[in-house]
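K.L.:
The lines below spell out each chain.
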Amino acid sequence: MAPVPDPNNVGGGGGAKRDEATMKVPSKDPKKKDDKKEDDLSEEDLELKQNLELYVERVQDPNPELQKAALESMRQEIRASTSSMTSVPKPLKFLRPHYGTLKEFHQNMAESDLKKLLADILSVLALTMSAEGKRESLGYRLTGSGGDIGSWGHEYVRNLAGEIAEEYTMRQSEEASVEDLMDLVKQIVAFHMKHNAETEAVDLLMDVEDLDLLLAHVDRTNFRRTCNYLTSSAKFLAGPDDMLVLDIAYMIYIKFEEYPNALQIALFLDNMQYVKQIFTSCTDLLRKKQFCYMISRHGITVEIDPEMVADKDDRDMLQDIVNNTKLSEGYLTLARDIEVMEAKTPEDIYKAHLLDGRASSGPSVDSARQNLAATFVNAFVNAGFGQDKLMTVPSDAASGIAGNWLFKNKEHGKTSAAASLGMILLWDVDAGLTQLDKYFHSSDNPVLAGALLGVGINNCGIKSDCDPALALLGEYIDNEDSSVRIGAIMGLGIAYAGSQNDQIRSSLSPILNDAKAPLDVIAFAALSLGMIYVGSCNEEVAQSIIFALMDRSEAQLGDALTRFLPLGLGLLYLGKQESVEATAEVSKTFNEKIRKYCDMTLLSCAYAGTGNVLKVQDLLAQCGEHLEKGDIHQGPAVLGLAMVAMSEELGLDMAIRSLERVLQYGEQNIRRAVPLALGLLCISNPKVNVMDTLSRLSHDTDSEVAMSAIISLGLIGAGTNNARIAGMLRNLSSYYYKDASLLFCVRIAQGFVHMGKGLLTLSPFHSERLLLSPTALAGIVTLLHACLDMKSIILGKYHYVLYFLVLAMQPRMMLTVDENLKPISVPVRVGQAVDVVGQAGRPKTITGFQTHSTPVLLAAGERAELATDKYIPLSPILEGFIILKENPDYRDEE
Amino acid sequence: MLTVSVKWQKKVFEGIEIDVTLPPYVFKAQLYDLTGVPPERQKIMVKGGLLKDDADWSAIGVKDGQKLMMMGTADEIVKAPEKAIVFAEDLPEEEQATNLGYSAGLVNLGNTCYMNSTVQCLKSVPELKSALSNYSLAGRSNDVDQTSHMLTVATRELFGDLDRSVNAVSPTQFWMTLRKKFPQFSQLQNGMHMQQDAEECWTQLLYTLSQSLKAPASSEDSDAVKALFGVNLRSRVHCQESGEESSETESVYSLKCHISHEVNHLHEGLKHGLKGELEKTSPALGRTAVYLKESLIDSLPRYLTVQFVRFFWKRETNQKAKILRKVDYPLELDIFDLCSEDLRKKLEAPRQKLRDEEGKKLGLQPKSSSKDSDVKMTDAAEAPSNEGGESSTAAQQEGASSSSEKGTHMTGIYDLVTVLTHKGRSADSGHYVAWVKQESGKWIQYDDSHPSIQREEDITKLSGGGDWHMAYIIMYKARFVSM
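Residue numbers (full-length UniProt numbering), protein chains in the order written: chain A, 1 to 894; chain B, 1 to 483.
FYI, nobody ran anything at the bench for these hints, they're computed from the structure.
Some clues are possibly wrong.
[Stated by the list, open to error] Computed list of lysine to any residue pairs in SDA-like fashion (alpha-carbon distance at most 25 Å, straight line):
#: 1; chain 1: A; residue 1: K312; chain 2: B; residue 2: Q66
#: 2; chain 1: A; residue 1: K351; chain 2: B; residue 2: E456
#: 3; chain 1: B; residue 1: K43; chain 2: A; residue 2: D478
#: 4; chain 1: B; residue 1: K7; chain 2: A; residue 2: D311
#: 5; chain 1: A; residue 1: K115; chain 2: A; residue 2: P62
#: 6; chain 1: B; residue 1: K7; chain 2: A; residue 2: D316
#: 7; chain 1: A; residue 1: K738; chain 2: B; residue 2: E89
#: 8; chain 1: B; residue 1: K67; chain 2: A; residue 2: V340
#: 9; chain 1: B; residue 1: K10; chain 2: A; residue 2: V340
#: 10; chain 1: B; residue 1: K63; chain 2: A; residue 2: M317
#: 11; chain 1: B; residue 1: K47; chain 2: A; residue 2: R505
#: 12; chain 1: B; residue 1: K226; chain 2: B; residue 2: E439
#: 13; chain 1: B; residue 1: K63; chain 2: A; residue 2: D316
#: 14; chain 1: A; residue 1: K791; chain 2: B; residue 2: K7
#: 15; chain 1: A; residue 1: K870; chain 2: A; residue 2: G838
#: 16; chain 1: A; residue 1: K738; chain 2: B; residue 2: K442
#: 17; chain 1: B; residue 1: K63; chain 2: B; residue 2: E89
#: 18; chain 1: A; residue 1: K134; chain 2: A; residue 2: E179
[Claimed, not checked] Calculated from the model, a selection of chain B residues having no Cβ within reach of chain A, i.e. all distances over 10 Å:
#: 19; residue: G36
#: 20; residue: F87
#: 21; residue: G191
#: 22; residue: H193
#: 23; residue: H431
[What the hints assert, rightly or not] Here are some, though not all, of the chain A residues that point toward chain B, as calculated from beta-carbon distances under 10 Å:
#: 24; residue: A368
#: 25; residue: N404
#: 26; residue: D430
#: 27; residue: T434
#: 28; residue: D465
From the three backbone atoms N, C-alpha and C, an ideal C-beta is built for every residue, glycine too.
Okay, chain B solo, but in the shape it has when bound (with noise of 0.2 Å):
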């Protein structure tokens, strides 16, 4: 008969006899009975190793009074899940693409970050992916032609080899298929292709592909890209001559901000850009006379482009020159004052709501914790409540003119997402580069096959004032309010 302690975890236990003549399995059961764990989960440590269950006491030298040491539990034994894990370095390519949360970047064929930059920022709006993925290949109707069709499908391409791939993808294809529809892209310079204006592109491709998705039934309010950048514009014109007074309404795809001397801020520009002079014959004069021509927005789009006149044909040099004054644009736009009588009349309902729900947002959160605070959620619950029953009419007023969604309402309020910058003195030289807000709300600079992450407040410093990138075409997407 031995006495030995054994120690177990924090725990020893003292005065244990073990006898000799038995196998240690005897002395381990003794064990099991204090701990509680399984002799086969026993592991008990004398001198050379293990205790083995049919060792012998004798061999092992085990002397009278020895502290022993016991290690294991009684704990369930940790299994592998069931569903086994997938790791981001086992997906396939394009999922891996998902995972970098932008897609990514286009190979410059010589001189086509123009097109690069475009294709781009058009790659951001995604009612326009989905109205292509409904675009069918085969069925092409008859009122567009086989360019267009064309040039439809390879953007449809681009856009779905841009989303799959991780690494920068060649538009090759796009590329040819553009120039065959607008040969003036083919121009060369030196044998090499040459730098083309970024408008251009943008203005042309967007309309290739508002000519191509418009649906068959060929009704002015199935046209998916008129619905989305289309702007409508009503204009008063006006003969300060003769008094003649006409109106007119236009629809265009981009608002344009005329920089002049007085222009610091996009809001004056555009201001400036709604506002024209031409000349045309009076019927009343019967001559050539000045009309003063002043428009207001009329309808508002999901996609509001706005392009920096920064180009104008320079007659003394013969080319392009750029006009490189800083103006200053907003990541958050207001045009409620550009805004035709009966459009702000429309908006005022779903702006108020707005107001109210930033306003709980902000101030009504720290109060919660007061005493009143009962009083108050219910004065916040009750005023959008009676502002809902003014504005249902309000709504109703809309009628099939919205554009938006059933429930959600337009607000005039504009977040930017996309910037086109030009860095460089001429349209047809420098660089183009194309600056893209995700969906997480990360800015990312799309440098022709480099795509790379940037700070909310760089983009801002886009407005031009050096030889830095200042922006060129910048779009910014609605905000909508539910009602």
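So here's chain A without its partners, still in its complex pose (with noise of 0.2 Å):
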């Protein structure tokens, strides 16, 4: 047996080779271990080795025929071998030695097709031996035959993916050409998607940014798992490519017919081209249907044009949909079936006698201050219901109870009790106008100005064509009591936000820059116009905003209510990132006392919903730094932490994390911040850490950190009816039981955690966590920022603002329809979701099911699936409205 040779003898590289060879095997330095290991050599392998060694010899051999057959021997033999890769193939191992010897005569070789063939046997030889960086495996692959890649197998591919990538970025920097490694890219990204490794293919993709080469490859099989990882991994990416990578997921889809995906797609890039064009593509009018169930999930004004559907009475049916029309129907049907229609009482919800020895000492005075708890608890849990105990009960009842318990009010609390009769028929348009109607002729401009909020409220996510609220609102705009100036404002832009409705923009932009005008007037003002117009950035709303700030005196911005100013600006570019930065440049010459704060607050609002890392970073850094009294800024970057990195789970998780951190080091004004930032970060999505940690803080000795941390425990409770936070908080009110406000902020926490019954949530996110809705979370961040400042807000006589809430407030319901859109009842499964982008296979999409019959509510966090095949939903995506078409290939069993 002839001496194996030593590669670092043989090999003619040197020093570097040398090197190389010792890296790629470890097991290599003594001589002893290989002889020994030879003998451990069967037979079989001891022919192939003999074998490979001879080719390697004749391949140096001068005759090329000679040379050639050699060659394609070695192929042979490595092509064999390749075909699976659980082990380092043989014949690769035994020409291992003899790497160093065959590129040394590849070097030499004169051009011709037998280089060639040396050159693709190197490059998969290079496969094991190349060192790190000098992507020897892609320089032979280049000045090779260029065959059919694959044929080398899987691992060599991926190897060869990796280098093109590496090379790619190098001459991106030398600006050298790459046009030779794009051919290699469309070789290898059929030979993936061809293979069930579409991620692969689309990071290789990403590598050389040319996505575009994906649309000739997906087919039927494999689009949908290349366009889940491509919508995946587009929250990780940093901008523009994440929305590059959108478009091509929505050409994708439009491409293999699947609408429902695109529009989704299409809402998140905020794109109504696409919108229109996914209407225009589509042909059939059921699953428009649909799309406009899911365009009202969404809560954006679509108008739907003759060209996206040509018949009136379809076009007219269409536009119910998206105005939400049917909305209050389907929520009503859910509560039927769930058996939730009875009313609640507040008491029903403090659950009183479960505390020991105090449910008797019920004072025989009213309390106005309990009893506008009282108010808003029962408007948040009979939301919708459209009967509640005290405001809907028949008015002729003992003279009047309704009456009664809107005269149980005090001066500005008869506002929140009149409007919440706007809460209770939440989404009801019709029967709301009716009830609020008779306090349109009270004579009590607070009682007025709560019938104004309270149509607000009650139109809020509802659109009609004629225009209700603005009607009945616009002529108390310019009204001369300001409580009833605000009710009219607050209500337009509750019930128009999102619409950019120039009309509403022309009464209400005047009154920012009326020097008459109060200052609870103009934040109002301000604040409506960012909600109407929230992520628009609109130039005119934005420069009277401005202005109205600038016209501000000193004492003024000291006013809590100020900061509804630059919230109101903040909404106008609420997610739309650089857009914001022409803004934040005038923002800086604010005078200082509002300047940070509006800084934090349009950078916040830009990037929420991101995930921007470097945007956490800088808030991060904000709230590092340890201030003088009296600088309020650090209160909006905490919540714009939140803000920023709510849109997906690990983020989430991170900002958790880095919260705690902020509360251990962070001065008070911080710390009082932190417990709405954690609410905002898992509303409606009780998870138990965040629970145990507001639980803590719901004790502070700080009573504002208290009260924050109580109205967050409600938050991240809101309508799900969870016991521990139910326990915690009847706990927390008999502890609280003699500080008034800490109490006030307990019955409102109770209000939320048994909102609508449970059968709502707040999460501004929806359709499986990947659309997030504009106007839930403008909601969501004013009443934060009102929380900022608890005791002149909320506490005082503004307490209204809790309305702002009902931007959120959406069914987390799935109900089915049939093609008449009439409720019908059918199974289906519904669990815990499993993350399956870049799986293998056709893994289950939810674990731990129940199954039920619709409708069902969903959890934070849970999926649902057909249980029968009876019938085919038209979106993938089984939440809110479900419209279900019968399956043709659907035979009984029996």
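With the hints in hand, could you dock these two chains into one complex?
P.N.:
Next comes the structure, spelled out in structure tokens:
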């Protein structure tokens, strides 16, 4: 047997080669060991080894015929073995020592087909031999014959892809041509896409910045997984790459007529052109109806024009769906199915009888503060049900109990009480307006203000051709009483959030620059404009708010309500990232009292829901500073942290951990904002760790920290009926029974937890957490900003800002309807959603499921799937309204 | 002529014709016929706002076949109630206090928790409060000395302040008069007033009050304090050596619960406390002999005070030491077997009645739906009437000596109302706290200036056996039954 040539000696490459050889095969060093191994070789292996050595020798033979034959045989051997890659294939192992020899020989070879053939083999050998960063495999590949790339096995392709990415970045920096690479990329992508490795294909294309290639290679079998990977990776990409990626996903979906998914992406991109395209490319009216349901859940205003749907009746029907006119009906169907129609009183929520000995202590005299709390609890708990036991009781009974409850609230409390009627009749415009009508004739200004606000709340998310809210509220905008004005302005803001209604702008903008208008009216006008133009980057509105901010006197800038001006400005840029920059520059010229607050608000709004790590770091740096007393901008910075990070799970968990740190090291003004930020991060999603943190903070010695923690406990449990939070709040209510302010907060939080008797959610995210409803986020953020100065706003006379939450209130239901949009009940499995992105095969998307009949409630992180083949859902995302089509292929088992 | 449809509430009125030459008011009148909503209450939404009565149809731009929306009801307009509602926040401070359900705490003036807790306990006796309020400021009867008078007035003032205030009251005046009357409370230690024994304060204060609250007519019966707290004991004194036996009666304000190794429960301690040995000269033997004294209760007070004898003078350390032994006490105390024969007889009928009432509450209610409920009910109704017949004689026998009001009778059953606890290792140190049951049934812990709500099950946990607060003086209120 021939002595094994040491690769290091044979190789002509010198020192560098030696290093690489030792590097690649660690067990190479002692020769003895090798000999031993040699002895272990089986007969077959020995033969193979000898053959290969022979080939290597022959390759170096001057006779081209012989060379060719040797190369062919060598290739045969390698190919035969690289099909599977569980261990290093034997031929590669045995050829390893000859890599250097072959390489040297190749160098000296004359240009010929044979040289290419040898290059091919060297390229494969380089897979195990090449030093890191040398990209020899790629180099030889490019000089090789360029045959079918897949014939060398999967691992080879994968390695090549990695080297291409490196090479590409290098060439980009040198500005060299990449054409030869792109040819290779095409081959690799084609190979990956054929072999269930969509994720790798996407990765490679992202590296070489040519995702368009993907379009040519996706087919029916793999487009779903491809798009899934694209959309979920978009969350981690920096702009503008993420938009690009989503664009491709959109195009793929369109290509395969997977319109619901395409619509999701179109909504995510906020691209109305795409939305329209979907409507024009889809021909099925029923599917269009499903699209309309999806749009209505997102809460944006879309006008269905004749191009989208030709027939007028059809168009009206679709517009009705977009306008959410059926939301109330669907919600009540759910409520009846779950049997929670019975109205609940605040006492049913407080459950004071579960507390020892204190139940009997019902004070004989009404406390205005506690009655106000009861008003809010009653409104939130019975929201949308159309009936309650305080406000909608028939007024003839004993000279009007409804009237009585209203007047059991004091002064500005009556505003909230009258407005609560709008909340109870939420989404049911006809009934709401009828019930609110009687308060329109009241001579009591707070009651009138409440009625106006109530109309706004009642119409929240519902649009109508008649524009009843605008018609009714419009004439009160310039009322002489400022409470009535605020009621009308805030009502308009809630009713027309996101609508970008010009008519309202032209009537609200003048208020901002009216020198005579009181500060609170201006603040609410700015806020309402921000909501109506949320995420629109509207220049004119921005200008008016900026001027209003510049006009404020030093004293006014110190007022708690002034914070709504920067917030209104921020809402204009909600989620619009760089578009905010011009305005952010302008904000640097503001009075220093408000400058930083404005800065933080703009930054946090513009990057809300983007998960942008750099912005998170910026905001964290702000929180790290220890400031002199009186600076208030750290509050919005902490909230901003949550707003930016809330979009995806990983970032969210990181943000929760960072907030723990901030809590430990931050100053008092930061500690007050941290619970609110936690509340935003886990809104309607009671995570146990956050619950514990908040529970601890709710006993904090600083009463403002405790207050925001209590409110946040309500927010994270909002609409869940979570028993643990309910218990905590009950105990807090007895702990704080003497402190009226804290008790008020506890009551409000209790109302939140049982919001809509557990049928609602406040989460602005929907469609499997992909889409972020801008109006919903605007509502929550406004409340949180108000909570930064609880004492002067919510505990003061502006408690009705709590009603801004209505913008985020949505039924957390899945309601199936048939082709005539009538509810039908089908079995569905509901379980914990599983992340299946990038997983091979067809993994289950839910785990630990239970089978229910629709309509069903979906908790945070849950997903539903149809448990029957009888119907086909028209949208793959089973949330909200789902239209079911009968499956033509379905046959009853019997 | 235009034809429109109008949506009102859930109804849609189709095909309403508008004569565009006439003002919109006419249109509204048309709608009035259909809906019954008066025109001035109608709100019709058109582009750009509400339809005005005198608007021009052509300017509004209503199209043929358009859907209009109308809002408005014929409902009564809500009016504010005639009588304005009064809110707790608007009330003056003292009324807010009554809303709270319990009165304020007392500020600690420097080791005065013994006094504060005593005052809080005594204040919980409404009869004492009313007796004090009847006490005239000026009219000091001659047999009451000046300092007692001042202390009585101060007590009255303090009780009043406590009821009126929301925030803790500072008992400065009361403390000054207390120290004037009983100089022993002014002892100083390191320049500070010393901690005192709450029992001493309790006894002295009650004694003073009993003196000053005696009616001018000065008969035994009109002693208000005695009627409330006094326990008449009939004792049999028996000398074993000589076989002499005598009986005597005495009146005390509290029963003592002696704590020895056998005593685990209040009842045992009380029994123990009613038996005693004393040495006195025996006329028969002509020398001092050991007499055995056994006492029984002859008449029951409205408020039964029990003192746990936890402190004793330890000669070796020269201080009052404390017995930490756990002695359980019940929320409901029955002292029937501590009563004298006569008293027992008197108590039997009311007790039977009480048992019947309780039985009715517990046992008969669930059965009321069963078929034979009629029979049972009559049975139950008959039983007490028979009893009543028998006991009427017993009630007459009681006569004037009964401290109960007319028609109500003592049952020998008592409910716990206040607990005065001590925490610490000796009487002159540590901390005194009062735990008082309110009329609402809630328990309030008065830790000087901090009243806080407590749970009833925690009250029985003050029985000692550790370093937690332990009951020192407890007070029970008699349960009456009306016959």
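K.L.:
Now tell me if each hint is right for this structure.
P.N.:
A quick look at each hint next to the structure:
no., hint, in the structure
1, K312(A) - Q66(B), "holds, 14 Å"
2, K351(A) - E456(B), "holds, 20 Å"
3, K43(B) - D478(A), "holds, 19 Å"
4, K7(B) - D311(A), "holds, 23 Å"
5, K115(A) - P62(A), "holds, 13 Å"
6, K7(B) - D316(A), "holds, 16 Å"
7, K738(A) - E89(B), "holds, 13 Å"
8, K67(B) - V340(A), "violated, 35 Å"
9, K10(B) - V340(A), "holds, 24 Å"
10, K63(B) - M317(A), "holds, 20 Å"
11, K47(B) - R505(A), "holds, 16 Å"
12, K226(B) - E439(B), "holds, 23 Å"
13, K63(B) - D316(A), "holds, 17 Å"
14, K791(A) - K7(B), "violated, 44 Å"
15, K870(A) - G838(A), "violated, 30 Å"
16, K738(A) - K442(B), "holds, 15 Å"
17, K63(B) - E89(B), "violated, 56 Å"
18, K134(A) - E179(A), "holds, 20 Å"
19, G36, "holds, 13 Å"
20, F87, "violated, 4 Å"
21, G191, "holds, 33 Å"
22, H193, "holds, 31 Å"
23, H431, "holds, 23 Å"
24, A368, "holds, 4 Å"
25, N404, "holds, 7 Å"
26, D430, "holds, 5 Å"
27, T434, "holds, 5 Å"
28, D465, "holds, 7 Å"
Violated hints, in rising order: 8, 14, 15, 17, 20; the structure is consistent with all others.
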